[in-house]
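Let the hints inform the model, and build the full structure from the sequences given.
Using my numbering, the final residue of the sequence shown is 540, and nothing's skipped along the way.
Do not rely on the hints blindly, as some may be mistaken.
To be verified - So the derived label-pair ranges between C-beta atoms look like this:
#: 1; residue 1: 463; residue 2: 526; range: 39 to 49 Å
#: 2; residue 1: 496; residue 2: 467; range: 32 to 42 Å
#: 3; residue 1: 523; residue 2: 464; range: 39 to 49 Å
These aren't lab readings, by the way, just hints derived from the structure by calculation. Beta carbons: idealized from backbone N, C-alpha and C, even for Gly.
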Amino acid sequence: METFDLIIIGGGILGSATMFYAARAGLKTALLEQRNSLAAHTTAQAVSCFRKQWAEPDFFYLMKNSIEAYENFGALTG
Numbered sequence: 463m464e465t466f467d468l469i470i471i472g473g474g475i476l477g478s479a480t481m482f483y484a485a486r487a488g489l490k491t492a493l494l495e496q497r498n499s500l501a502a503h504t505t506a507q508a509v510s511c512f513r514k515q516w517a518e519p520d521f522f523y524l525m526k527n528s529i530e531a532y533e534n535f536g537a538l539t540g
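Listed below in structure tokens is the structure:
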């Protein structure tokens, strides 16, 4: 029987990101997704825009860092 350090259920943006960083950290990881592609349902609908206005300053910094990570993801993953 094959064993894993981490099994992720769902390949949306959170599941995909969790798998990416867990595998990068050296964990043997499996991701279970019912569709044929990752981040293809609500993520694909929502990714066309980023909210840039927040009532709390902490959310602004989180959003700013998220946009930078998104823009640099190709360079990070090769």
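Results for each hint:
Taking the beta carbon of each, residue 463 and residue 526 are about 44 Å apart, inside 39 to 49 Å as hinted. The supplied range of 32 to 42 Å is broken by residue 496 and residue 467, whose beta-carbon atoms lie about 22 Å from each other. Checked against the given bound of 39 to 49 Å, the beta carbons of residue 523 and residue 464, roughly 40 Å apart, stay inside it.
The earlier numbered hint that this structure contradicts is number 2, and it is the only one.
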